[in-house]
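For the protein sequence lines, the chains are A and B, in the order given.
When you line the first sequence up against my numbering, it's residues 2 to 393, in that order.
When you line the second sequence up against my numbering, it's residues 2 to 393, in that order.
Simulated from the structure, these hints should not be mistaken for lab results.
Hints may contain errors.
Since copy identity is lost for identical chains, a pair holds within one copy or between any two.
Calculated lysine-lysine pairs in the BS3-like style (CA-CA distance at most 30 Å, straight line) [claimed, not checked]:
1. 33 x 148
2. 286 x 33
3. 251 x 128
4. 79 x 331
5. 128 x 367
6. 210 x 312
7. 390 x 167
8. 186 x 167
9. 233 x 86
10. 46 x 367
11. 331 x 148
12. 383 x 367
13. 167 x 145
14. 367 x 148
15. 145 x 33
16. 286 x 148
17. 63 x 312
18. 390 x 210
19. 148 x 210
20. 286 x 167
21. 33 x 383
22. 251 x 286
2 protein chains.
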Amino acid sequence: MFKTRMNADMALELFLASFEPLTGSENLNVEKCDGRVSAEDITAKTDVPHYRRAAMDGFAVKASDTLGGGSTSPVILKTGDSIGKGSCVRVHTGSAVPEGADAVVMVEDTQTHGGIVEVFTQVHPLKNVGEIGEDIRKGEMIIKRGKLLRPCDIGVIASLGIREIKVFRKPVVAIIPTGEELIPKGDALPGIGEVYETNGLMTELYIRKWGGVPGLHDIVTDNPGMIKSAIKANLDADMIIICGGTSVGKRDFVPGVVASLGKLVVHGVGISPGKPTALGIINGKPVICMPGYPVAGIVALYWFGKEALRKLGNMPREYETTVLAVLSEKIASRTGFKTFARVRLENGHAVPLATSGAGILSSVSKADGFVVIPENIEGYEKGETVEVKLID
Amino acid sequence: MFKTRMNADMALELFLASFEPLTGSENLNVEKCDGRVSAEDITAKTDVPHYRRAAMDGFAVKASDTLGGGSTSPVILKTGDSIGKGSCVRVHTGSAVPEGADAVVMVEDTQTHGGIVEVFTQVHPLKNVGEIGEDIRKGEMIIKRGKLLRPCDIGVIASLGIREIKVFRKPVVAIIPTGEELIPKGDALPGIGEVYETNGLMTELYIRKWGGVPGLHDIVTDNPGMIKSAIKANLDADMIIICGGTSVGKRDFVPGVVASLGKLVVHGVGISPGKPTALGIINGKPVICMPGYPVAGIVALYWFGKEALRKLGNMPREYETTVLAVLSEKIASRTGFKTFARVRLENGHAVPLATSGAGILSSVSKADGFVVIPENIEGYEKGETVEVKLID
Chain A
2 MFKTRMNADM ALELFLASFE PLTGSENLNV EKCDGRVSAE DITAKTDVPH YRRAAMDGFA
62 VKASDTLGGG STSPVILKTG DSIGKGSCVR VHTGSAVPEG ADAVVMVEDT QTHGGIVEVF
122 TQVHPLKNVG EIGEDIRKGE MIIKRGKLLR PCDIGVIASL GIREIKVFRK PVVAIIPTGE
182 ELIPKGDALP GIGEVYETNG LMTELYIRKW GGVPGLHDIV TDNPGMIKSA IKANLDADMI
242 IICGGTSVGK RDFVPGVVAS LGKLVVHGVG ISPGKPTALG IINGKPVICM PGYPVAGIVA
302 LYWFGKEALR KLGNMPREYE TTVLAVLSEK IASRTGFKTF ARVRLENGHA VPLATSGAGI
362 LSSVSKADGF VVIPENIEGY EKGETVEVKL ID
Chain B
2 MFKTRMNADM ALELFLASFE PLTGSENLNV EKCDGRVSAE DITAKTDVPH YRRAAMDGFA
62 VKASDTLGGG STSPVILKTG DSIGKGSCVR VHTGSAVPEG ADAVVMVEDT QTHGGIVEVF
122 TQVHPLKNVG EIGEDIRKGE MIIKRGKLLR PCDIGVIASL GIREIKVFRK PVVAIIPTGE
182 ELIPKGDALP GIGEVYETNG LMTELYIRKW GGVPGLHDIV TDNPGMIKSA IKANLDADMI
242 IICGGTSVGK RDFVPGVVAS LGKLVVHGVG ISPGKPTALG IINGKPVICM PGYPVAGIVA
302 LYWFGKEALR KLGNMPREYE TTVLAVLSEK IASRTGFKTF ARVRLENGHA VPLATSGAGI
362 LSSVSKADGF VVIPENIEGY EKGETVEVKL ID
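Same shape as in the complex, but just chain A (with noise of 0.2 Å):
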């Protein structure tokens, strides 16, 4: 059927190869950089804290005046502004350690009587003072170029007084749905022969969940020019993933336009389903042909759309959500092919669901995950332990 059929992680590897990462940025307040990925090292340019800041709400002392204090035998200081001989100064939680005190006491260790306070405690020189910069120091590096960045990454960088990054531009992507028999969702109701568009409809939610910024163009009909004249309109994106005519069929127009535009970099997988997916690079852009068969699509976008993002958007390798998980049911599957099987989670079982065509895009929803099966071996056993890999 194709002339050729390449291992799933050789046609990965190829595929990656054959394009850049984005090297465009941008720079962004800091709040909005949730999930984006940093372009630049940050180094700090002051300490955290800048002032000795108090751990404890209490009393801060010279330590030397608390010699001698226990639970029975208080020392007694003063309050005041100021740190001088004998005196101290009410502190909280994070405010500055005045000049010349160099320990606090814990309020529990004391007991106020007006201006004059008594300590039962002795507490040695830097007993809860957090130093200067003891959470960051200057000129320490807080964030290394292509990290990931999170939530609490963020608040590192806004507690420098960070407002604005410099992060990687995210990949726009640009989605082709092609197919004489598609209708837009929200058309009236499909003719014989006719269904709704829903690859395109997914890539496009997918591809923004991972990271990158969809674009989705109107159904082309199985027609050479049209898809050419499609891709060509949309080579200002960074990928281009047409959905359908990947396959060998009279109608399956898609991969001969890309070779025509650019180069066929693979052209049949050995991963089931999506066999027919085809990889190809125009203007040095990947270009994602999917089959047009939904579950032979969704497996060929998570196989490669989602690490050509990865890679085009310098996002770093995340871990992947998976779970183990006892097969309750043998799953058979075809050896020289990857194998993504479909199941669902229960009470830690991982049920293979019944239907495996790649055409019954509700076994998809049905399923948690997939177990994915190597090309050397025909299956799994009812009772082993498998890893299951969650669907986004």
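Fit chain B to the given chain A structure using the hints.
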């Protein structure tokens, strides 16, 4: 220090039991529903496909007409627009199988000569024919109320021609940062005893990430009247989170104010860091008083805020992203406390971060996740395999 220090699990259970999920919903276009929770059961009103569709490119035939066809003995059929005795119709994957035909012969098994097709195989009825309703059967429930919607679910909904669905509304969360030492981000450099507000900012970003609608209030100083006013002004929110002022110091007015406006359910929790956390209910709405120390605040937000948001928003429990790793060093914990130790992941090892202070925000930013140590053990030994809960 606190009169009570409630066990972390018990505090969570008590807190969650003291308020109800939101019942409000909104109608949204399906393409806006990624990550939302369906507020209705959705039943298919049509079959998908609603016609018999070809599962392959090829020729629709009456199966009985192919009797005797084989690789060396082709059956000869005429091509046409409809099926009669001895004729066939060209079909593409997804197109309708015409009346009278009951099977599709793959194009690979044929040779065409003008209006004549040689069929080199014999097919049985239904071969390569997708039956009506093979993906979704009319009347089938495709989405249950309470399901968290993913792009693939939205694809299924859209394949039925449904344009709008009812989803639960997102919980609105008012966030009130308190503390006289705080200055807003972007202000001039902080003076001695002043720090930039970051807890409210981080809380805002986490609430948004977890599916809520955050509203960040201006900083309120440590004044019970002003704290009370700020809470009262935000009682139209579904949850209130107050950052800081939860301890038992002179400036810690927040729990008292919450008690005066409603009910303080918990004050003092066996989590470390995070002990001063207080939890209350005002007008039936959950109120979380987060400690001002940033690490303690984040731990309280994870343990109580995320779960409360999930309950309010009717969100199903998701699988946590956890990673198994081998401890590179011993980590100690406080018996009686559920301890959240920060670790960095490095080549399958969990490396504890040296700093353990609740005020050291940079230790969270340096961490990939938390190792959560139960109350009844004293820590984990070097070399033990631990579960690392990744920080969102």
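Cross-check of the supplied hints:
1. Proximity of residue 33 and residue 148 under a CA criterion of 30 Å is satisfied in both settings, with 15 Å inside one chain copy and 29 Å between copies.
2. In this assembly of identical chains, the alpha carbons of residue 286 and residue 33 lie at most 30 Å apart whether taken from the same copy (28 Å) or from different copies (28 Å).
3. For the identical chains of this complex, residue 251 and residue 128 are inter-copy neighbours only, at 20 Å across copies versus 80 Å inside a copy, given an alpha-carbon limit of 30 Å.
4. Taking CA atoms no more than 30 Å apart as the test, residue 79 paired with residue 331 passes in neither setting, with 79 Å inside one copy and 44 Å between copies.
5. In this assembly of identical chains, the alpha carbons of residue 128 and residue 367 lie at most 30 Å apart only when taken from different copies (26 Å versus 58 Å within one copy).
6. When the C-alpha separation of residue 210 and residue 312 is checked against a cutoff of 30 Å, the pair qualifies both within a copy, at 15 Å, and between copies, at 23 Å.
7. Within a single copy, residue 390 and residue 167 get their C-alpha atoms only as close as 33 Å, which misses the 30 Å cut-off; across copies the closest is 28 Å, which meets it.
8. Only between protomers do residue 186 and residue 167 lie at most 30 Å apart by alpha-carbon distance; the minimum there is 18 Å, versus 38 Å within a single protomer.
9. Proximity of residue 233 and residue 86 under a CA criterion of 30 Å is satisfied in neither setting, with 81 Å inside one chain copy and 46 Å between copies.
10. In this assembly of identical chains, residue 46 and residue 367 lie within 30 Å of each other by CA distance solely across copies; the values are 18 Å between and 52 Å within a copy.
11. Proximity of residue 331 and residue 148 under a CA criterion of 30 Å is satisfied inter-copy only: 27 Å between copies versus 41 Å inside one chain copy.
12. For the homomeric pair residue 383 and residue 367, the shortest alpha-carbon distance inside one copy (20 Å) is at most 30 Å, but the shortest distance between copies (42 Å) is not.
13. When the C-alpha separation of residue 167 and residue 145 is checked against a cutoff of 30 Å, the pair qualifies only within one copy, where the shortest distance is 12 Å, while the shortest distance between copies is 42 Å.
14. In this assembly of identical chains, the alpha carbons of residue 367 and residue 148 lie at most 30 Å apart only when taken from different copies (11 Å versus 35 Å within one copy).
15. Taking the shortest alpha-carbon separations for residue 145 and residue 33, only the intra-copy value of 18 Å comes in at or below 30 Å, while the best inter-copy value is 34 Å.
16. In this homomeric assembly, residue 286 and residue 148 come within 30 Å of each other (Cα to Cα) only inside a single copy, at 24 Å, whereas the closest approach across copies is 37 Å.
17. In this assembly of identical chains, residue 63 and residue 312 lie within 30 Å of each other by CA distance neither inside one copy nor across copies; the values are 57 Å within and 50 Å between.
18. Proximity of residue 390 to residue 210 under the C-alpha cut-off of 30 Å is found in both arrangements, the shortest distances being 17 Å within a copy and 21 Å between copies.
19. Proximity of residue 148 to residue 210 under the C-alpha cut-off of 30 Å is found in both arrangements, the shortest distances being 18 Å within a copy and 18 Å between copies.
20. In this assembly of identical chains, the alpha carbons of residue 286 and residue 167 lie at most 30 Å apart only when taken from the same copy (24 Å versus 39 Å across copies).
21. Neither within a single protomer nor between protomers do residue 33 and residue 383 lie at most 30 Å apart by alpha-carbon distance, with minima of 47 Å and 39 Å respectively.
22. Taking identical chains as interchangeable, the C-alpha atoms of residue 251 and residue 286 lie at most 30 Å apart only when both belong to the same chain, with a minimum of 27 Å there against 62 Å between chains.
The structure shown violates the earlier hints numbered 4, 9, 17, 21.
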